Amino acid sequence: MIRLSKVKTDPVENLKRHAEAIGEAVKQAIKPDRVTVEYPRERRKYPECFRGFIVFDKEKCISCFRCAQICPANAIQMEYFDKAYPGIDYAKCIFCHFCVDSCPTGALNTSKVHDVAFKSMDEMRLSAKQITKVPEIVREEKQTVEYYVDRNVWKLVRKKELDRLEVPPKPVKVKERRAACTEPESCLGCRLCASVCPQNAIKVEKCEISIGEEVTGTGCVLQIQTDLCTGCGLCVRQCPMQILTLEEVGE
Amino acid sequence: MMITREWQFALPEKKHKKKKYFGNLKAEVIDAGLCCHCAACASICPVNGITAGDAPIDFPNWIKECVDCGACVKVCPRWDYTPKNGLGEYIEVTAARSKRFVGQDGAMVTEFTASALEMGLIDRAIFVARDSNWRTRVVTIKTPEQLYDRKITGTKYSYADVLPALKDAVLKSEAVGFVGTPCMVTAVRKMQQAFKKFERVKLAIGLFCTENFYHHDLYNFLLEKANADLRNAVKTDIKKGKFIVELKDGSKVRIPVKDFEEIIPSGCKVCQDFAAVDSDVSIGSVGSANGFSTVMVRREVAKNILDYIREKEYAEFREPKLEVVQKLCDHKIKIHPWPPKKKEEKSEE
Ligand SMILES: Cc1cc2nc3c(=O)[nH]c(=O)nc-3n(C[C@H](O)[C@H](O)[C@H](O)COP(=O)(O)OP(=O)(O)OC[C@H]3O[C@@H](n4cnc5c(N)ncnc54)[C@H](O)[C@@H]3O)c2cc1C
Ligand code: SF4
Ligand code: SF4
Ligand code: SF4
Ligand code: SF4
Ligand code: SF4
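So the sequences go chain by chain: A and V. Start counting the first sequence at 1; every next residue gets the next number (the numbering used here). Start counting the second sequence at 1; every next residue gets the next number (the numbering used here).
Rather than coming from a laboratory, the hints here were simulated on the basis of the structure. Keep in mind it's a predicted model, so treat the numbers as computed, not measured. Even glycine gets a Cβ: it sits at the ideal position worked out from N, Cα and C. One thing to keep in mind: the hints can contain errors.
[Unchecked claim] Chain V side only, calculated, beta carbon under 10 Å to chain A, not exhaustive:
(1) Trp7
(2) Glu13
(3) His16
(4) Gly70
(5) Ala71
(6) Phe198
(7) Tyr214
(8) Tyr308
[Stated by the list, open to error] Just a sample of chain V residues kept apart from chain A, beta carbon distances all over 10 Å, derived:
(9) Glu6
(10) Gly23
(11) Pro46
(12) Leu121
(13) Thr136
(14) Lys235
(15) Asp249
(16) Ile255
[As the list claims (entries may be wrong)] Okay, derived cross-link-like pairs now, PhoX-like style, lysine-lysine, Cα gap no bigger than 25 Å in a straight line:
(17) V:Lys84 <-> A:Lys203
(18) A:Lys206 <-> V:Lys269
(19) V:Lys18 <-> A:Lys203
(20) V:Lys239 <-> A:Lys206
(21) V:Lys142 <-> A:Lys203
(22) V:Lys202 <-> A:Lys206
(23) V:Lys196 <-> A:Lys203
(24) A:Lys206 <-> V:Lys197
(25) V:Lys64 <-> A:Lys206
(26) A:Lys203 <-> V:Lys17
(27) A:Lys203 <-> V:Lys240
(28) A:Lys206 <-> V:Lys17
(29) A:Lys203 <-> V:Lys225
(30) A:Lys203 <-> V:Lys151
(31) V:Lys14 <-> A:Lys206
(32) A:Lys206 <-> V:Lys196
(33) A:Lys206 <-> V:Lys15
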């Protein structure tokens, strides 16, 4: 059995504790040593690898759909302007940055803005145009705050730094690849590859077949123009006979 | 302009110039009553629009969705049709019974496949299993152990979508085998001619065949004519001109094959190929004693498998009666004349 009885208090001791609390309050008011960050006025300094909002470079995008295809949260919708570009729904995005990692040309990059604060669900759906810039955030103090323990005196130290938001361009490490057909003898002539290619690099067209001078019938011709191909691999995924691949080019 | 590779190939000639290729196939083969439901067209169609299953071949929205590539026409065994018939070329004929497996007759189809897998000639094979309703279900066999399942061996007298499964297998593997009716074997040979990828089909086992049925037709027919519910059946067979349904309680229902006339699909009525002349090896029940299968080895690859089966003593052998097989080949030509008789054409319409 547990018995809970009323705590007996010593009035003298009680008064002493009150005085102590008031003393601490006065001290904090004059010279505070708290560990909380006054968000949004200031923000914490995050490690370099911390993943933030995604920034998109329209010039580099080759409309390969890889980001949309890999996104595990289905947060990327391709939108059609002159080509297809990715838009991101931050209501769904889980910040895994698979899309950033999978982009073959470095068109998607991370930023150091992590403030996922929106007023409505609709606002969270950002179009390709809206993600070309780092979202602007207004902070009174453009400072980051970091806390660490100073081991010489064993005290918690608060360090302020200027908030740097620019991110170096993403190094593109992908090898150059171009579409190639491994087994044209199996081509159905279905033109699915040609219709999916954003570069119009593949031609599957009706042609005349002739032996010598004489036209003997109609046929189909499959052509890949490697100088137009960006190596996006869309056609490879599309081919029902799986006869297209990406071949590495260059040295 | 930089061009890595250019490839040219011929397209089949259209008989209806204004229509897309599927329109041509529909007019010349399907609506003409020649389609044998081999589903080769359904398997090759790049937009997966052609439907097979337990209904006539169709492409509901072909006017819009067909990309007019001509692949279906290239592989269809009934486009520009001239029936094949006779015993065909063969290296050796024997009658045999597997010691390892239980099947329809001597389970030699199963034995050939199991041995081919063991020898490493193929790494998967497409078989036809069934559900409790005797609807066909296509399965991929990767190990001989799978073949002990009695629902996988044995004959189902209904159309099966073997070739769509075969195409998927060909995309995944370098060496594939399959079992099918003579029309399917012929279709696969056409596929191999048209598209190199199908050279990966290393073993084609053909079954002797007089006709096949739509599942719903067969089911309803047996229920109405003989009060035999296929759901209670453990085996179906055709022996000496009788369709035999063996039921769970051990009783057998026998119906003369002649009575089936009304449900024989029109595509089978123009087929004269009994012995699957295009196969690597043809296997059937006629021409051998009860419990044995007649095996007609036609190509080198099948001969090697037969030698392997002999060496391992996986099967016992008997003398076949080739003249009985010959008789059925001739019989099929007689009952399925080509070109079809006028009277028959009318009754189809
Ligand atoms: C529709 C049909 C009609 C037939 N008609 C005759 C005939 O008139 N005369 C004759 O001698 N033999 C006929 N046969 C063949 C016979 O029934 C046996 O299949 C053959 O003797 C092989 O016996 P098995 O014991 O060696 O086969 P098993 O080792 O039992 O293997 C039989 C194989 O047939 C395959 N199979 C079963 N049903 C189908 C189907 N619907 N489509 C494609 N594959 C299937 C299965 O995958 C299985 O692997 C016919 C077969 C079928 C499928
Ligand atoms: S970060 Fe992850 S979830 Fe968000 S868009 Fe990229 S891939 Fe999708
Ligand atoms: S040819 Fe293929 S890989 Fe090249 S750009 Fe077109 S779709 Fe992409
Ligand atoms: S998608 Fe494949 S099969 Fe179709 S035309 Fe292109 S290469 Fe040929
Ligand atoms: S015969 Fe075969 S390929 Fe030809 S239309 Fe019928 S199912 Fe298709
Ligand atoms: S009778 Fe001919 S068309 Fe009919 S299933 Fe047999 S092989 Fe095919």
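Next item on the list: Check each numbered hint against the structure and report the violated ones by number, ascending.
Entry: Result: hints 3, 7, 8, 9, 11, 17, 18, 20, 21, 22, 27, 29 and 30 break, sorted rising.
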